[in-house]
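Heads up: the protein sequence lines correspond to chains L and F, in order.
Each residue of the first sequence is one higher than the one before, starting from 55 at the first, in the numbering used here.
Each residue of the second sequence is one higher than the one before, starting from 8 at the first, in the numbering used here.
Treat the hints with care, since some could be wrong.
Here are the computed distance ranges between Cβ atoms for each label pair [to be verified]:
(1) R390/F with R571/L: 17 to 25 Å
(2) G427/L with R12/F: 44 to 52 Å
(3) A114/L with E111/F: 50 to 58 Å
(4) R134/L with R13/F: 13 to 21 Å
Simulated from the structure, these hints should not be mistaken for laboratory data.
The C-beta atom is built at its ideal place from N, Cα and C for all residues, glycine as well.
Residue strings, one per chain:
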Amino acid sequence: MRPGSDRCVAGVDVGSTLTKVVVRNGDVLASATDRTQVDYAGAAARLLAGTLGRTGLVPADLAYVVATGYGRRRLPFADREITEITCHARGVREIFPEARTVIDIGGQDAKGIKLAPGGKVVNFAMNDKCAAGTGRFLEVMAASLGLTLDELGARSLGAAAPASISSVCTVFAEQELTQRLAEGVPLEDVLAGLHAALASRIHRMVRGLHVEQQVILTGGCALNLGLVRALEERLGTSVLTPPDPLFTGALGAALLAAEALERGETPPNGPRLAELSAAAAEEASRDTIEGDGRRRVFSVRSKPKPYRAAGEFNLPASDTAAGLPRGGVDAGALFTKAVVVDGERAAFAILRSEGDYRRVAEDALAGALDVLGTPREALAAVAGTGLGAAKLALGRELSEITCLATGIARLFPDAAQVIDIGGHGTRVIRLGPGGAVKDFAVTGQCAAGSARILEVIAHLLGLDLAELGEVSLRSTSPAEFVVGCAVFAETEAISSLTRGTSREDLLAGLHQSLAARILAMARAGGAPGPWAVTGGGAKDAGLVARLRAAPQAIVVPPEPMVVAALGAALLAGDTRAR
Amino acid sequence: MSELRRAQKSLETVRRAKEMLGTFYRRQERRREGAPLAWCMAGVSSELLYAFDLPWEWPENFGTLCAAKQVATRFCEQAEADGFSQDLCSYLRNNVGYVSRAVELGATPPEAPGGGMGTPTMLLGSGSICDPRIKWFQALSSTYLPIPVFHIDPMSPPHDVDPRDPRIAAHYTELLRETVQDQVAFLERQTGRRLDLGRLRAALANAQEMIALLWEIQELRRAVPCPMGSEDFFTGAVVPLLFMLGEPEATEYFRCLRDEVRDRVARGVGVIPDERYRFLWMGLPPWYNLGFFNAVGELGAVFPIETVYYVGAPVEIDLSDPLEALVERSWKRATWIHDWGAEVIPENCSPSGFSAPGTRLIRQWVKDYRLDGAVMHRTRSCRAVSWGQVHIKNQLAEEGVPSLIFESDMADPRSWSQSVIMGQVRGFLGAVEASKREAARA
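This is chain L alone, in the form it adopts within the complex (with noise of 0.2 Å):
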């Protein structure tokens, strides 16, 4: 046994959405995984501390810690940091010793590096400012399908025609797998088609390396079979993944601290022991880590709540006389909509999109029925909108713009213009006599600036989105948030709070910057009139109350996810509407 190896070290990586660690005493002793958190270097700290004291080793056994990864800097328990690259390469190296070419996907980076015969990083790429090609991309997917991550790897390779998807932007490419879903496609086949545009943007990403065997896939992602089926196809060469592919940069750290302990570097231990001391005591107090010692978080994490929601809300009186009742219904990307209106009562449901979309259209039209108390047989007509009202069978098929202008124009008379805050973009709708449309203005083909992004920081900070505004209100000075890639502001916010910036002042900085850059949009129009917001992002009151800087007074409707829906059933058997 070479001198210092079998003493006890510590690699950890601090990923941008996952801390590894993993304990070494000549072989791998243990290691743990959570997600990082906030305070990333406590979490990390309480994580290493718990995970020696299952294997029964205390503080004081460790001789030696290396810190990796996105969040390597500033952990005090640690002896030294060392790049995430120098220590995927050992990592891989120590599994596979003629490895030449390692793929790490990660949840917010991807990176390839190239090894020299005998290990040496000679190359290495990462993406760019585009969450394209990241683990993310496969954890949006599968959250919006309601699949956990090793299901959609599973079902991926049953497809018999792997469809395509173009959409570069992670959170267009979801809206792109809904009109997928929405025209029939097999999910097999959808599956299939969203592993391979990941594995066409990873290999534009390793190509300038140029790839030789043997290729090494790490990171979670490598527990994909789907990914690792995809990317041997586009490489044109086998894949091999290590048992444990998630730990690979932190064995390599952990395999490092020994290296350092072999060359004879002792570092003092002082600072090392009281805080994993600390650390530990803390932990002590807690009992959540599995029976196989690792804290499962990838399949927690991606699988969507339950949602459904009903009520109904009054429409102001009108000179028009009240036909029979009437069905609208917004199938969206994210949330199916149903709207029922009775003369100047209007019942709703909301139901999440999944799985068959007729059905779920049906589900959410039957809520709101049942809200009312009013047969199917009732209704009049019936209307549908949103990205799969092709496939609704429910009669006629609207436009959203028109359906959002005149549910819009039916709740405020005198509103100029329609705001339409969605998880993929932004609408600006100027409204005409009688909710005409005048004109509108879309958000283009990335999703920055979209409301997605609140979504993405609520998940982060552990909020809904109805709390973010409370939060944010309480701000006396908003951080400055650049309101970038929707999928890269979980980053951005993570380094902002580790800078010290408050949660208040981060939402605050956030909603201000976004308000901004929606507002932007809306005042080109210039008519009269209030401003109606509407869509998932008139719940968020921090967003809201930043939107009243406009130069027209803001108003939001009682259910404002609901309005195109209303559209849709106050056109639902009007034959000049479109």
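Model the placement of chain F on the given structure of chain L, informed by the hints.
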């Protein structure tokens, strides 16, 4: 890809284009191992190439072909992997990726449509239209294909000078003259042949005739119902206009096209059976999904005129000295653009052009072509053709003419989202309908 489809052509002549334009569509037959072959950019005079009897191929056109055959993504990604930014022109990325892959394989990539491009012996670039073109062939030559490059950079006068001022005209025509002379000297060196002035004169005469025929076709498209829409213009007029100007068979083709369009007008036959909306098309088309025009046609809309590739009325030139005629034609065209304003052909103007003349030509088109609105394609990777759209939209709105701007790309289908774009089109038709009702009430 289920949602992306090729255009259904309406005109018989357009359907027969491949057969009638053999020089272009059967260019493989002209390739000879080791013999001179030029890769050219749009803007290079095809009359000059014809005069040298020099076989040519056009990477930009190959980009549109790869897009139509759904293989452009493969080549774009290859270029991006080589470090060419995704923000660069998708024609450029397609071509660079194609070459990169061919060099890597040592053979034509199997997915290349039409048997791929021939191996060039020279690259003839042009800096007109946009900036990536200035570096494109240099990058090809320095990175993948070590062959000579000759690049022309035709200048247009800025908006705030008078092109009829003899000093200004003399300055620009002298520049153009030098460029043409240098280009001829380069071609003589590369081909080992002297320029055949008689052949150049004949080609220019053919080109003049062809532009006159095209002008006639564009005028005929004013008819209601519209006899020729953008789907036929893009699939049937762009190749002969951009890449075969001066070739006798291209002129003959345009004659047939003119005859067919004239016949349709006489018989009152339109592109779509129920023409309810007539729109101006602005921007490059989505080459991978020209069926988009048919999809919009199914909703009752037709596109009788486009800003892109619009060359206007023919200009008179003196063919006694054919080289001087080339200079004269370039200058007269630059003057024409100057007169009408950058809005018409933004790709050929400096941004300063916007401040002066307004949108007179487009406003005129609204009347002449009885347009109900404008549809503008903002192409992510072609700023040259996309800029100014918001300005024009605002100008048209002042006249009560609604416009739709939607975003995608000309040859990179990764920016296309069928559901989102068709949703916007439907919303736009609603706005047009409302605007028509308002106009009727007024």
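*asked:* Verify the CB-CB distance for R390/F and R571/L against the hinted window 17 to 25 Å.
replied: 21 Å, holds
_Please check whether G427/L and R12/F have a Cβ separation lying inside 44 to 52 Å._
Holds, at about 46 Å.
*Whether the CB-CB distance between A114/L and E111/F falls inside 50 to 58 Å*: The hinted range 50 to 58 Å holds for A114/L and E111/F, with Cβ atoms some 56 Å apart.
*If you check the beta carbons of R134/L and R13/F, does the distance land in 13 to 21 Å?*
Distance hint for R134/L, R13/F is violated at roughly 59 Å.
Comparing the model with each numbered hint stated earlier shows that hint 4 is the single one that does not hold.
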